[in-house]
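> Each chain, letter by letter, is given below.
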Amino acid sequence: MDFDALISGLDRHTLDGITRGSIYALVALGYTMVYGVMKLINFAHSEVFMVGTWTVLGVYTAIGATSGSGLAMVIGATLLALIAAMLASAGTALAVERIAYRPLRKKGAPALIFLITGIGCSMVLVEVFGQVLRVFFGRPFGRVTVNIPAVLETKTVFTIPGVDLAVSNTRILIIVGAIVMMLALDAFVNRSRLGRGVRAVAQDPDTASLMGVNQERVIMLVFVLGGAMAGVAALLYTVQYDITKFDIGFIIGLKAFTAAVLGGIGNLRGALVGGLFLGIVEVYASAVWDSSWTNVYAFVVLVVVLMFRPTGILGESLGKARA
Amino acid sequence: MSQILDAVRGLALGERWNHAPKVVRWAVMLLVIAFAFYLPYLNILPFAYIRTDLTASGSDWASVLFLIVVYMIVAVGLNVVIGLAGLLDLGYVGFYALGAYSVAIFGSTNSPVVQALQSRFGLSEDWAVPFAVCIPIAILVSLVAGVILGAPTLRLRGDYLAIVTLGFGEIIRITFRNLDGISNGAAGITGVPVPPGPETDGRAFFNTIDAERWYWLALAILILLIFLARRLEHSRVGRAWLAIREDEDAAAVMGVAGFKFKLWAFAIGATLGGLAGLLFGSKQQYVEPNAFMVNLSFLFVAMVVIGGSGNIFGALLGAFLLTYLPERFREFVDWRPFAFGVALVAVMILRPQGLVPSRRRAREFEDRRHEAEEAAADV
Amino acid sequence: MSEQRMTQDMAEELKDTSDHDLIEMHTSGEVGETLLEVDHVTLRFGGVVALNDVNFEIRRGEILGLIGPNGAGKTTCFNAMTGVYTPTEGKIRFKGKEIAGTKPHKINHLGIARTFQNIRLFPEMSALENVMVGCDARHKSSVVGVLFRTYRVRPAEDELPESGIRRSLAKVFGVSRHTLEERAGRRRSMELLRFVGIADRAHELARNLPYGYQRRLEIARALATEPELICLDEPAAGFNPAEKEDLMGLIRRIRDLGHTVLVIEHDMKLVLGVTDRIVVLEFGSKIAEGTPDEVARNPKVIAAYLGEPDDAA
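Residue numbers (the working numbering), protein chains in the order written: chain A, 1 to 323; chain B, 324 to 702; chain C, 703 to 1015.
Source of the hints: derived by calculation from the structure; they are not laboratory data.
The beta-carbon is built from N, C-alpha and C at its ideal position, and this holds for glycine as well.
Careful, some of the hints might be misleading.
Stated by the list, open to error - Stretch by stretch, here's where chain B covers chain C in the computed footprint (C-beta under 8 Å, at least three residues):
no.	segment
1	880-889
2	944-954
What the hints assert, rightly or not - Pulled a few chain A residues facing chain B out of the computed Cβ check, cut under 8 Å:
no.	residue
3	100
4	104
5	109
6	112
7	123
8	127
9	131
10	132
11	288
12	291
13	292
14	293
15	303
What the hints assert, rightly or not - Some chain B residues close to chain A (C-beta under 7 Å, calculated; not the full set):
no.	residue
16	343
17	479
18	486
19	494
20	628
21	654
22	655
23	656
24	668
One chain only, chain A, in its complex shape (with noise of 0.2 Å):
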């Protein structure tokens, strides 16, 4: 036990935790949003995530976009595997939900058999990135981890006098990303006609149909919403780790719907929350104890907050007037 660790270094631990929960936030608000509506995990979500890493890797290589590049390039580059991320993520996502769910939807099947199928999807989409494409593609795909090329060179930005806290381009991007793309989803959810038709249908499925709220229009939005936020996650985690693998999506799915759960699952704000709280938790309780214990930290907190608060540290909500 160094508690010493973490005080030395508790502001850069703090940006360490940040920019981890603003990923997990990102890959959360698909989990929470498909929960709020159809009552559903997803399990396949955390692979409509990897897909949006390859996605990235497969712009930066098109475009020949490498580490060094110019200031123009750089910024394309990562518009467009942005843009690119987020429209395979939300493909992926949208032909899970065609697939996977709408027969079962249609046919009734008892809640159970959705995650079957749901796991069974995400095993063939991890399959498809570490065997599939390598048989026709050869490498980069496979069963090994694959790197990214660093296009955005992480730079330090400017330096938080007294602490001496060193904050790079890198963090800034990510963590003011990911908030952007929080608040414009929360706008959209609370503001717009669709959003409205989410909230219907997230609190009264029934009834919502009866306004005629188009339920199936509901669900393919959740999906195409919750996609999206996958890929710019994506990007972000490029951009912070330079790396991806077939079955990277595995454990920071499983991170991301705990965060959810955390947060109070069906809550946008709550993914916020659950996220940074569980990436500053794991941070912390990384520095103080010993790191190869991460995951077994994040499942300690998620039994202790639900004991406490079962429906997570801001409840459940997606329905109710503030989303």
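For chain A, the structure is supplied; the task is to place chains B and C on it using the hints.
Just chains B and C now, kept in the frame of chain A:
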């Protein structure tokens, strides 16, 4: 696929079975059991084609049979938790690992714990906890783990249970990987003890070569467990589980102590998982953390659901298919997870009620389909 | 296996003529004594007063009606009585014991059962199994007892198996409590289904039963828990006049078995026709109490039901 199943249904086996005289049913049951015990020696064409060791690269047939039966034990246990009580447990591999590790940690002379005990009490270097004592230890450890995990979480809503149990499975694996002083970390523990038996051909009775003995042992345990599980299912306990699954609040008002019975389901499931793990670890004579990845939990859940949730024979069939098929087609080992994923999605979409649903579930499903269709027609 | 047994048993069960001894309620209490006491109960949710100093009692052996217009607090009162809410002020006592804060299944074990306004059966279990869940509330066999048949009891002469060897075995080793309870529970459940008049579809899934059957099944399931007090929450909802007539008969026969009955109802005619006493609620307060005749003549009640302005509100 579904044509074959419909053809099988056309024979109305269930009906005939129910109307057959008791003597006939007993005779058929005994024949099936006898055949199961004979399976390792299966050599009659065309049945012998189901063997997995027809090619040089195939896996040992008796070992595959053993693994199938171990997973069947898992399926029987998980069927209680998921199929009957309706609790989605995604961390079942944790109990499986606990069972395997218990016997390794206490029974192997290579385990850090046993070595510590040796030096502490000045015992000889061959000393370890006897196998017969390891069995109750393994059962107790998994049972206690089930209760410790269940007690705080079973009061939570069902969906949360899934994520908390999933986390539990990971925690168990990470714990065994990190605790060098107890589980020997990532290296694992060798020399896991085997059940005692008369020495034959200069070898221990249960050894790595004669896998069929392991299979017979596991099969005998499986039959006993099925017998006990069915006793539970057709009792006040089984009815309480179904009632909780159907409507927990209404069940409570009817005097069903929901939490108590859920905890029992969890503990019973955990015990069976531990028992299966014990058999597995003992046969391998080696345990390591990577043998207990979370994917295994998904495989277990898939067995129960593909076969037909709530039906013990469906669960057995699921366990058989999901263990046997990958072993039979070992040439395609790299494609296994992909094929598994595709099969999972395809089977569930075509037959959401499972391959052999309990009669109850089948009817329920038909009704829901009609309702969904009617609802669709209304719009 | 059990399906098979079921059909054999069913044939036997259907042969049996009605046997009320099986389902009769035996209690030590005396008719007329206070069974449940609502003692000046007030219940507030935030600033809203849902129940305001409500005070009445249910006496053993009577049929009490609890009526009032929509939103009068009937269901709130009912929920407080069955332990869902804890009163802000006042006490609710069952057989002299306070029941606030008791868990729902414990309340059932104390001797209170209820039905639901919106039917809540176990849809994927057969009608018989639904009732057997109710019977199980009084059964004692444990998980270990079921698994290993450890708890043996010496059966009465008429409970012994007929055939030779089994009979001798049962005489020497006794019979497991599980077996006896299972047998008795099945017989009692069947009898209860017969009592409410739906025995012909005992083996059908509850979800497939017609609406009227489902309502009756709920009553049978509640009776199976051997309640001293059975609370029926709008049992006539959705019934036509003929069915209501039947239901009134059934309610009286339930009382004759030895249960005390509380009926919450909208339908004035039914309540006036079947109850011994009536408590009327309006806006969370008791506005009248008395025999059906008294209540029917009470100007406050008439005003409340005809919707005339009420000064008290």
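> Now, for every hint given, state plainly whether the structure supports it.
Right, here's what the structure says about each hint:
1. Coverage of the segment 880-889 of chain C by chain B holds [criterion: at least 3 residues with CB-CB distance below 8 Å; count 4].
2. Given a C-beta distance limit of less than 8 Å, the hint that chain B covers the segment 944-954 of chain C is violated, as 0 residues qualify and 3 are needed.
3. Proximity of residue 100(A) to chain B holds as hinted, the smallest CB-CB distance being about 6 Å (cut-off 8 Å).
4. The criterion of a C-beta within 8 Å of any C-beta in chain B is met by residue 104(A), whose closest approach is roughly 6 Å, and the hint holds.
5. About 4 Å separates the beta-carbon of residue 109(A) from the nearest beta-carbon of chain B, less than 8 Å, and the hint is met.
6. For the restraint placing residue 112(A) at the interface with chain B, the shortest Cβ-Cβ distance is roughly 6 Å, inside the 8 Å limit, so the hint holds.
7. Because the beta carbon of residue 123(A) sits about 3 Å from the nearest beta carbon in chain B, less than 8 Å, this interface hint is met.
8. Interface hint at residue 127(A): satisfied, since its Cβ lies 4 Å from the closest Cβ of chain B, which is below the 8 Å cut-off.
9. Hint status for residue 131(A): holds, given a least beta-carbon distance of 6 Å to chain B, under 8 Å.
10. The beta carbon of residue 132(A) is positioned within 8 Å of a beta carbon in chain B (closest approach about 6 Å), and the interface hint is therefore held.
11. Given the 8 Å rule on beta carbons, the hint for residue 288(A) is violated: about 15 Å separates it from the nearest Cβ of chain B.
12. Violation of the interface hint for residue 291(A) is found here, the shortest Cβ-Cβ separation to chain B being roughly 11 Å, above the 8 Å cut-off.
13. The interface hint given for residue 292(A) holds, since its Cβ lies 5 Å from the closest Cβ of chain B, which is under the 8 Å cut-off.
14. Interface restraint check: residue 293(A) against chain B, minimum CB-CB distance 6 Å, threshold 8 Å, status holds.
15. Satisfaction of the interface hint for residue 303(A) is found here, the shortest Cβ-Cβ separation to chain B being roughly 6 Å, below the 8 Å cut-off.
16. Because the smallest distance between the Cβ of residue 343(B) and any Cβ of chain A comes to about 32 Å, over 7 Å, the interface hint for this residue is violated.
17. Interface restraint check for residue 479(B): the shortest CB-CB distance to chain A comes to about 6 Å, inside 7 Å, so the restraint holds.
18. The closest approach between the C-beta of residue 486(B) and any C-beta of chain A is roughly 6 Å, which is under the 7 Å cut-off, so the hint is satisfied.
19. Residue-level restraint check for residue 494(B) holds (minimum Cβ-Cβ distance to chain A is 5 Å; threshold 7 Å).
20. Below 7 Å, beta-carbon pairs count as interface contacts, and residue 628(B) has one with chain A at about 5 Å; its hint therefore holds.
21. Using the Cβ-Cβ criterion of 7 Å, the hint placing residue 654(B) at the interface with chain A is not satisfied: the shortest such distance is roughly 14 Å.
22. Checking residue 655(B) against chain A by beta carbon gives a least distance of about 10 Å; that is not within 7 Å, so the hint is violated.
23. Checking residue 656(B) against chain A: minimum C-beta separation of about 10 Å lies over 7 Å; hint violated.
24. A distance limit of 7 Å between C-beta atoms decides the matter here; for residue 668(B) the minimum to chain A is near 4 Å, and the interface restraint holds.
Going down the numbered hints, you'll see the structure goes against 2, 11, 12, 16, 21, 22 and 23, while the others check out.
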